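Line by line, the protein sequences are chains C and W. Under the working numbering, the first residue of the first sequence is numbered 142, with each subsequent residue one higher. Under the working numbering, the first residue of the second sequence is numbered 8, with each subsequent residue one higher.
Hints are computed from structural coordinates only; laboratory data are not their basis. Note that the structure is a prediction, hence the values are computed from the model and not measured. Note that beta-carbon positions come from the ideal geometry of N, C-alpha and C, so glycine has one too. Hints may be right or wrong, so weigh each one.
Here are some chain C residues pointing at chain W (derived, C-beta under 7 Å) [claimed, not checked]:
#1 T258
#2 H426
#3 L428
#4 T430
#5 A433
#6 T434
#7 A444
#8 P448
#9 E464
Lysine to any residue pairs mimicking SDA-like chemistry, simulated, CA-CA at most 20 Å apart [what the hints assert, rightly or not]:
#10 K546(C) <-> V34(W)
#11 K202(W) <-> L153(W)
#12 K203(W) <-> V215(W)
#13 K203(W) <-> A163(W)
#14 K203(W) <-> D138(W)
#15 K546(C) <-> A163(W)
As a plain string of letters, each chain reads:
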Amino acid sequence: MPTRDERSGKLRLTVAHALRRRAVGYSIAIAGTAALTAILLPFRPDITPLSKGFGYLILVVLAAWVGGLGPGITASFAGFVTFNFFFLPPYDTFAIGRAEFVVILFVFLGASILISTLLARAVDRAEAAERREAELRALFELTTEQVAQVPGPAAREAALRRVVDLFGFDAGALFVQDARDYVGLHEDVVVGAAAGEIPASWDPRDAGRPPERVPLTVGGRAIGLIVLRGTGPPMSPEDSRVLRTFSDELALVLERDRLLRSATEAELYRRSDDMRRSLLAAVSHDLRTPLATIVTTVTDLLADDSPHDPAYVRDALAGIRSESARLEALITNLLDMSRIEGGLLKAHFELVDLWEVLTAAADRLRRQFPGVRVDIEVAPGAEGVRADPVFLERVVSNLLENAAKSCFAAGGSELAVRVTTEEGTAVVRVVDHGRGVPAAMREQLFHPFYRLEGRGPNLGTGLGLAISKGFLDLMAGDIWVEETPGGGATFAFTLPVDARVRA
Amino acid sequence: MVDDEEHILRAVGRALDARGYQVATAVDGEGALRSFHSVEPDLIVLDLNLPGMDGLEVCRRVRARSNVPILVLSAREDEVDKVAALDLGADDYLTKPFGIDELLARVRALLRRSSGQSMAGRFEADGVRIDLERREVTRNGDRVHLTRTEWALLDAFAEHPGKLLTQRWLLDRVWGSGYDEDVDVLRVFVSQLRKKIEPDPRRPRIVVTDPGVGYRWALRPAAPA
């Protein structure tokens, strides 16, 4: 697995590499010829001219192999001239003594040029293959990365950073067509420069190298623009080709993201609209129901033909009182719910004794539901939790009340509360043996205004569990419902055990 | 009295009981039907929003066996159900929350009608006299001519004094099936009829509109001559 630094700039390297090879080739051609001449010069009398010619031929092969056609030809002529000057008698002059030597000299030149050409072509082909491989690898890396990324600005930034690195630029910016008006481009992500530093448009009068501007199009429609800024040499045609291919790919990805986003937005809007409608219906029904009883009873008491005996009036007033209390509880719940959803509530954490909260809530429950029996067990080490005492009290009362109602509805009267610890977390379970909650509804149960279908009217406002969940969210707790072994529902919630107690 | 809310059941039950009515209560549709068969009530006060079998179904099943007056209770959210219940043969409705006096007035009107006091075919109000048997309408002594459709409409109303008749029911009754949706036609004829029989057609008190639902004949039958 190559590191990021190894991978980056790979394309650039091949180009620089080719340039360096060419330079080395030329130096072999010039310096090599000079060195060979210097080495061979002392042995001038001892060696036949032909074998010296082979020495130069080796230089030509070397230069052409390393540097390509130019260095090969250069070495050929350099060899031709020095060979003639130093090693073909008469020495140290361009004059040629024998006709035979002229033939040798030109055979040498011809062979040199031929070898250079053939070698250079082979080397070019090898280089081109290498470059193509690098291109393909770059493209592969870019696209696999794009596909693997989760859609979003982070993915687009990563893609842009890869382009900047890969093609040897200093900075780059991605502009996308404004989704709202479909007219202007706006900057989406920038790498290597400050936001807004790279303009989408370029003024030809600006100094320096013009930035590389690559349009992003889908089906002929422009959806964005990549602007790349750098100080290196202009891009090679190969690089441009890779970049264009990749930009087409990126354009498709951008388009996919955009479509995905608008689909999600539409879905969210539809769902929240449905929710608002059903919430409104539920709220107005829940508010009106106690109000209806109050209005009916009050008008009865005020009517001329109403029996005015004290027992009757008392009974009527008791009805009004209980319905007013119900209305008040509902309004409190609604306010809490809207505060939770509006993010207006903040938990004030304290070290809270769970045992105290649970026993106090159980006492209140016994007053509210005479005959109910609550059995509380708290495991050692689970008493002290970090919680907001007010929120916790509401959660506990709520769950106990629900449990008592479902218990009574099923003809029972026994509830159990069990507290255990699991890895620094206290788990509170309120266990009833009522009718239980079908598995399919366990999730929705915590949505506002959700009520179990056909469970009778007096199960509350449908807000209690949603509010409990809201309170627990604020206290870093969790809530869920499980089945009580042997039938019934067990509502469980967690709270962090206070660190001071844990230690 | 059928309602899934115990408290309203208690409040209404208490008030009716205090005024000499005997009240049987039910909290769901099944209970309502059981009670209907065992008690054979003179009137049913029926909440539409019931768990399990809903109020509409109760209405349909009761109507299949009996003409007992049905007073429907509805919340503002179930406007549509209210009209459907009236189409199914419910006699009147009340929207929650309501005053007990309103409920008592409706109950009295429905009981009066069902006890046969309304069978007379003569009505009188402010100089307008309507005699269905003799097919005669007079206004300050002058005879008023009614077209055939106007007579049919007048019959439909006068046969159900006090009952709220839905637009659909009236259209079906007077024009026959196929005209159910033609509310504008109904509106035109009602307005024509009012011009002929109402003492003050701009403030109708014989044929009263219940907006969006239908019309009610609000005139008590005259005592037999």
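Going through the hints against the structure:
A least Cβ separation of about 92 Å between T258(C) and chain W goes past the 7 Å threshold, and the interface hint is therefore violated. This hint holds: H426(C) has a C-beta 6 Å from the nearest C-beta of chain W, less than the 7 Å allowed. For L428(C), the suggested interface contact is broken, since its CB lies about 10 Å from the closest CB of chain W, more than 7 Å. The beta carbon of T430(C) is positioned within 7 Å of a beta carbon in chain W (closest approach about 6 Å), and the interface hint is therefore held.
For A433(C), the interface hint holds, since its Cβ comes within 7 Å of a Cβ in chain W; the closest pair sits about 4 Å apart. For T434(C), the suggested interface contact is upheld, since its CB lies about 4 Å from the closest CB of chain W, less than 7 Å. At its closest, the beta carbon of A444(C) sits 5 Å from a beta carbon of chain W; the interface hint therefore holds under the 7 Å criterion. For P448(C), the interface hint holds, the least distance from its beta-carbon to any beta-carbon of chain W being 5 Å, beneath 7 Å.
Given hint, E464(C) at the interface with chain W, holds; its Cβ is 6 Å from that chain's nearest Cβ, closer than 7 Å. A threshold of 20 Å between alpha carbons decides the hint, and for K546(C) with V34(W) the separation of about 18 Å falls inside it, so the pair holds. About 11 Å separates the Cα atoms of K202(W) and L153(W), which keeps this hinted pair within 20 Å; it holds. Among the hinted pairs, K203(W) with V215(W) is consistent with the structure: their alpha-carbon atoms are about 15 Å apart, no more than 20 Å.
Among the hinted pairs, K203(W) with A163(W) is consistent with the structure: their alpha-carbon atoms are about 16 Å apart, no more than 20 Å. Taken as a hint, the K203(W) and D138(W) pair is honoured in the structure, with Cα atoms around 14 Å apart against an allowance of 20 Å. Among the hinted pairs, K546(C) with A163(W) is inconsistent with the structure: their alpha-carbon atoms are about 51 Å apart, more than 20 Å.
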